[in-house]
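K.L.:
Chains A and B are the protein sequences, given in the same order. Residues 1 to 112 (the working numbering) are what the first sequence spells out, left to right. Residues 1001 to 1118 (the working numbering) are what the second sequence spells out, left to right.
Please note: incorrect hints may appear among the correct ones.
In silico BS3-like links for lysine-lysine, alpha-carbon gap of 27 Å or less [said to hold, decoys possible]:
no.: 1; chain 1: A; residue 1: Lys108; chain 2: A; residue 2: Lys79
no.: 2; chain 1: A; residue 1: Lys112; chain 2: A; residue 2: Lys79
no.: 3; chain 1: A; residue 1: Lys55; chain 2: B; residue 2: Lys1076
no.: 4; chain 1: A; residue 1: Lys79; chain 2: B; residue 2: Lys1076
no.: 5; chain 1: B; residue 1: Lys1065; chain 2: A; residue 2: Lys108
no.: 6; chain 1: B; residue 1: Lys1065; chain 2: A; residue 2: Lys112
no.: 7; chain 1: B; residue 1: Lys1058; chain 2: B; residue 2: Lys1076
no.: 8; chain 1: A; residue 1: Lys108; chain 2: B; residue 2: Lys1076
no.: 9; chain 1: B; residue 1: Lys1043; chain 2: B; residue 2: Lys1076
no.: 10; chain 1: B; residue 1: Lys1043; chain 2: B; residue 2: Lys1058
no.: 11; chain 1: B; residue 1: Lys1065; chain 2: B; residue 2: Lys1076
Far from chain B by the CB rule (all over 12 Å, computed), these chain A residues [unchecked claim]:
no.: 12; residue: Gln6
no.: 13; residue: Ser39
no.: 14; residue: Leu51
no.: 15; residue: Pro100
no.: 16; residue: Ile111
Listing some non-contacts, in silico: residues in chain A with all C-beta distances to chain B over 12 Å [claimed, not checked]:
no.: 17; residue: Ser68
no.: 18; residue: Thr77
no.: 19; residue: Lys79
no.: 20; residue: Lys112
These are computed hints drawn from the structure, not numbers from a lab. Built from N, CA and C at the ideal position, the CB exists for glycine as well.
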Amino acid sequence: DIVMTQTPLSSPVTLGQPASVSCRSSQSLVHIDGNTYLSWLQQRPGQPPRLLIYKISNRFSGVPDRFSGSGAGTNFTLKISRVEAEDVGVYYCTQATQFPHTFGQGTKLEIK
Amino acid sequence: QVQLVESGGGVVQPGRSLRLSCAASGFTFNSYAMHWVRQAPGKGLEWVAVISYDGSDKHYADSVKGRFTISRDNSKNTLHLQMNSLRAEDTAAYYCARDRYGVPFEYWGQGTLVTVSS
């Protein structure tokens, strides 16, 4: 199974400041079709997860442009350019390149 | 708009069975693969199973293989998860999620809570 490792596990951030989460996979996420199925999810307190980013860097419908994704191969990053209060929650990376699909442990974003 | 509504959760004794359902609306259900993902209380996300758009292809997490069965009724726009031989470690909120090729976990339901306890 592909292991997804996120850092940090907790990130206190000041409103208006940037934040980033790293995700490393135990093997390459490049699929035989040439795509890399690495996504980022946000889970606000008491809510189901919500898709933010798919295929490394594609923002899902309705996701603010302060969220961006980057990376390749086994190393990926989610960046928030200016954190807002509504961004509080847990962020997960996930891979759908191979079965079983797997998730990172989650990174808790909180406001200082 | 896309809507996914899970049901069927509850409290069940170890070793017993439970069947979860996910009612889909707002899209052409029979065109999309569907997942079940679970989350134990206070823990992270764990992928459970996926079924192809027509039900011909299914994959499971090792932790549920042989005990859980994913299925779908495209005539009723409904996804199911039959859970047998339940264990305490199956206690979790269970979410269904839509999969568009290249965009997994595109939309999520609100979840249904399963508690396995004697």
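K.L.:
Decide, hint by hint, whether the structure agrees.
P.N.:
How the hints compare with the structure:
1. A:Lys108 <-> A:Lys79: holds, 14 Å
2. A:Lys112 <-> A:Lys79: holds, 18 Å
3. A:Lys55 <-> B:Lys1076: Measuring from Cα to Cα gives roughly 31 Å; hence the hint is violated.
4. A:Lys79 <-> B:Lys1076: Violated. Lys79 of chain A to Lys1076 of chain B sits at ~40 Å, over the 27 Å cutoff.
5. B:Lys1065 <-> A:Lys108: Violated: Lys1065 of chain B and Lys108 of chain A sit about 30 Å apart, past 27 Å.
6. B:Lys1065 <-> A:Lys112: Cα-Cα ~43 Å, so violated.
7. B:Lys1058 <-> B:Lys1076: Holds. Lys1058 of chain B to Lys1076 of chain B sits at ~19 Å (cutoff 27 Å).
8. A:Lys108 <-> B:Lys1076: violated, 38 Å
9. B:Lys1043 <-> B:Lys1076: violated, 33 Å
10. B:Lys1043 <-> B:Lys1058: holds, 25 Å
11. B:Lys1065 <-> B:Lys1076: holds, 26 Å
12. Gln6: violated, 10 Å
13. Ser39: violated, 6 Å
14. Leu51: violated, 6 Å
15. Pro100: violated, 5 Å
16. Ile111: Correct as stated: the minimum Cβ-Cβ distance to chain B is 20 Å, above 12 Å.
17. Ser68: holds, 17 Å
18. Thr77: holds, 19 Å
19. Lys79: Lys79 of chain A is indeed farther than 12 Å from all Cβ atoms of chain B, at 20 Å.
20. Lys112: holds, 23 Å
In terms of the numbered hints stated before, the structure departs from hints 3, 4, 5, 6, 8, 9, 12, 13, 14, 15, listed from lowest to highest.
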